Amino acid sequence: MTTSYLGMSSMLHTIEVAGILAFASSGFIEARRKRMDVVGVFTVAFITAFGGGTLRDLLLDRRPLFWVENQEYPILIFVMSIVAIPFLKHLRNAVTENAIVLADALGLGLFSVTGASLAQEAQMPMFVCVMMGVITGIFGGVLRDIICNEIPLVFRRSHLYATCAFAGCWAYLILNWLQVNEGVALVFGVGICFVLRMMAVRFDWKLPV
Amino acid sequence: MTTSYLGMSSMLHTIEVAGILAFASSGFIEARRKRMDVVGVFTVAFITAFGGGTLRDLLLDRRPLFWVENQEYPILIFVMSIVAIPFLKHLRNAVTENAIVLADALGLGLFSVTGASLAQEAQMPMFVCVMMGVITGIFGGVLRDIICNEIPLVFRRSHLYATCAFAGCWAYLILNWLQVNEGVALVFGVGICFVLRMMAVRFDWKLPV
Amino acid sequence: MTTSYLGMSSMLHTIEVAGILAFASSGFIEARRKRMDVVGVFTVAFITAFGGGTLRDLLLDRRPLFWVENQEYPILIFVMSIVAIPFLKHLRNAVTENAIVLADALGLGLFSVTGASLAQEAQMPMFVCVMMGVITGIFGGVLRDIICNEIPLVFRRSHLYATCAFAGCWAYLILNWLQVNEGVALVFGVGICFVLRMMAVRFDWKLPV
Chain W
1 MTTSYLGMSS
11 MLHTIEVAGI
21 LAFASSGFIE
31 ARRKRMDVVG
41 VFTVAFITAF
51 GGGTLRDLLL
61 DRRPLFWVEN
71 QEYPILIFVM
81 SIVAIPFLKH
91 LRNAVTENAI
101 VLADALGLGL
111 FSVTGASLAQ
121 EAQMPMFVCV
131 MMGVITGIFG
141 GVLRDIICNE
151 IPLVFRRSHL
161 YATCAFAGCW
171 AYLILNWLQV
181 NEGVALVFGV
191 GICFVLRMMA
201 VRFDWKLPV
Chain R
1 MTTSYLGMSS
11 MLHTIEVAGI
21 LAFASSGFIE
31 ARRKRMDVVG
41 VFTVAFITAF
51 GGGTLRDLLL
61 DRRPLFWVEN
71 QEYPILIFVM
81 SIVAIPFLKH
91 LRNAVTENAI
101 VLADALGLGL
111 FSVTGASLAQ
121 EAQMPMFVCV
131 MMGVITGIFG
141 GVLRDIICNE
151 IPLVFRRSHL
161 YATCAFAGCW
171 AYLILNWLQV
181 NEGVALVFGV
191 GICFVLRMMA
201 VRFDWKLPV
Chain S
1 MTTSYLGMSS
11 MLHTIEVAGI
21 LAFASSGFIE
31 ARRKRMDVVG
41 VFTVAFITAF
51 GGGTLRDLLL
61 DRRPLFWVEN
71 QEYPILIFVM
81 SIVAIPFLKH
91 LRNAVTENAI
101 VLADALGLGL
111 FSVTGASLAQ
121 EAQMPMFVCV
131 MMGVITGIFG
141 GVLRDIICNE
151 IPLVFRRSHL
161 YATCAFAGCW
171 AYLILNWLQV
181 NEGVALVFGV
191 GICFVLRMMA
201 VRFDWKLPV
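Protein chains in written order, with the UniProt record's numbering: chain W, 1 to 209; chain R, 1 to 209; chain S, 1 to 209.
Simulated from the structure, these hints should not be mistaken for laboratory data. This structure is a prediction, so every number in the text was calculated from the model and none was measured. Treat the hints with care, since some could be wrong.
Any copy, or any two copies together, can satisfy a pair, since identical chains are not distinguished.
Simulated pairs of lysine to any residue, SDA-like, Cα-Cα distance not exceeding 25 Å [as the list claims (entries may be wrong)]:
| no. | residue 1 | residue 2 |
| --- | --- | --- |
| 1 | K206 | V83 |
| 2 | K34 | I146 |
| 3 | K206 | N98 |
| 4 | K34 | F188 |
| 5 | K206 | E69 |
| 6 | K206 | H13 |
| 7 | K206 | I82 |
| 8 | K206 | N149 |
| 9 | K206 | A99 |
| 10 | K34 | L153 |
| 11 | K206 | M80 |
| 12 | K206 | L102 |
| 13 | K34 | P208 |
| 14 | K34 | L207 |
| 15 | K34 | N98 |
| 16 | K34 | V180 |
| 17 | K34 | F78 |
| 18 | K206 | L65 |
| 19 | K206 | P86 |
| 20 | K34 | H159 |
| 21 | K206 | A84 |
| 22 | K206 | I100 |
| 23 | K34 | W205 |
| 24 | K34 | A99 |
Sequences are here, hints too, so could you generate the full structure?
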């Protein structure tokens with residue numbers, strides 16, 4: 001994150017936390033549906049939230065890892081696992097399905113675009129940057145579904161899930177290549193991904209093939 | 001392993017081998033149940049025994065890997081796969097279920113605590129050390145179940161499996177933080193994990209949530 | 001690839017592309033069978049073709065990754081995913097099953113032997129080199145089956161799949177140890193794997209245990 005606007009930086013940080021929470025929540029819900037106990041719920045939530053970023057860091061050979069640098073994130077999910085489970089039935093009513101979809105779409109955009117941005121910093125070729133972005137955005141959810149013994153949702157009824165990440169990464173990288181201001185490119189890339197995803201969910205878009 | 005007591009070091013080495021064999025055995029049994037051939041059995045046994053340590057080494061960026069430094073361990077499992085399969089039906093009677101549970105609990109304790117210890121050497125923050133320990137202890141079994149197309153056992157009917165690793169790692173790290181002798185902390189951490197696990201199996205403990 | 005024969009080098013390059021395409025094709029077919037859309041098909045094809053090499057590079061700590069150095073390979077698979085899907089039903093008739101088995105066997109041989117060769121360059125002990133070779137050859141297919149929620153094919157009805165990779169790697173390493181010319185050892189190792197695999201498929205060989 002190389003933006004120099006303090007306001008934008010703290011906005012991005014807030015979005016990041018929202019994205020992590022949204023990703024973790026989808027892990028909570030899936031794990032409880034499979035009747036896992038609190039340890040299973042925590043692990044699945046943790047892997048859903050950090051799996052994509054961890055794989056990206058392994059592939060790019062970046063250390064320290066994302067969640068090692070920000071120890072407060074795994075602790076947050078740990079506390080949530082203990083506190084939230086007794087309330088999980090109620091939680092699903094309180095936090096509406098829509099709120100999760102919304103936060104998840106923001107998280108997807110932010111994770112994907114920052115993934116592409118980190119790959120670019122590491123001087124990867126352009127197509128590889130896009131793939132790193134998509135991996136960062138979607139891989140947590142893929143691991144969640146593999147652990148829960150499902151065919152990954154993102155591949156089945158995608159609602160353009162990976163495609164949104166793909167489009168957002170390209171938008172960011174092209175703006176970057178046109179030497180547009182970094183902050184603007186970031187916001188634009190995240191926005192493209194977010195808007196596309198919300199519309200795909202709203203209008204039940206699917207890929208023709 | 002920074003203990004300077006030769007006796008303890010060779011004791012730990014023996015436990016380590018017992019742990020690897022116990023982990024590998026659970027892989028053998030699961031793979032045969034799924035009607036895999038000898039290659040499948042070896043691979044599943046290998047992944048069960050070394051999957052956790054390998055993931056830990058990837059995350060901590062440690063080289064050479066655990067099983068590369070100790071080439072005799074994969075060879076041991078390879079030989080066991082060839083020799084043991086014809087006798088596997090008999091093996092399940094000869095080596096009682098209890099012996100496997102016991103060795104597995106020792107292995108879990110040792111793998112977890114040494115994982116936490118290696119993470120601490122790499123100067124990870126404390127919560128991250130615990131997670132590295134738990135990952136080292138349980139991830140082999142998780143991979144075994146994913147390959148065999150099951151929801152990982154550790155998440156389903158856990159008998160506190162991951163929780164024991166979690167408790168053992170905390171015990172070790174807190175003793176270490178109190179500047180207790182390294183060897184004592186190691187033995188204590190492994191012991192906590194082992195005793196908790198044996199009692200959980202014996203009395204059929206489960207987490208309330 | 002340290003061979004100095006230009007003719008052989010370009011031959012190996014051609015085989016490598018054929019192997020990648022064959023591995024990707026098996027991903028295409030499996031993903032379509034599971035009714036995934038184009039994004040799912042691309043991802044599964046990509047993981048099948050590059051999963052083994054990527055895991056090898058992570059374990060050996062080699063950078064840049066295989067498919068980052070050769071960006072044209074993922075792009076090729078991306079284009080194929082878009083172009084090929086509408087024709088996939090016809091494709092299965094046009095490209096006969098036999099052609100895929102043949103290319104796949106060549107790819108298996110080449111991936112395995114080069115994996116073992118790279119491990120040897122990194123001065124791994126001999127048994128570890130063989131395992132790195134086998135991992136490089138088979139792991140893409142293993143990941144494909146895990147994502148598609150199947151017990152990995154290679155463990156079930158193997159037709160000696162992993163065993164062929166194992167034999168090819170040993171052949172290569174032993175010739176290398178006997179100081180045979182590198183190019184000859186490579187071709188011989190790939191050949192052993194290829195011929196063994198084709199015969200196993202032809203005569204429906206299975207391991208006795």
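Go through the numbered hints given earlier and state which of them the structure violates, listing their numbers in rising order. 4, 5, 6, 16, 18
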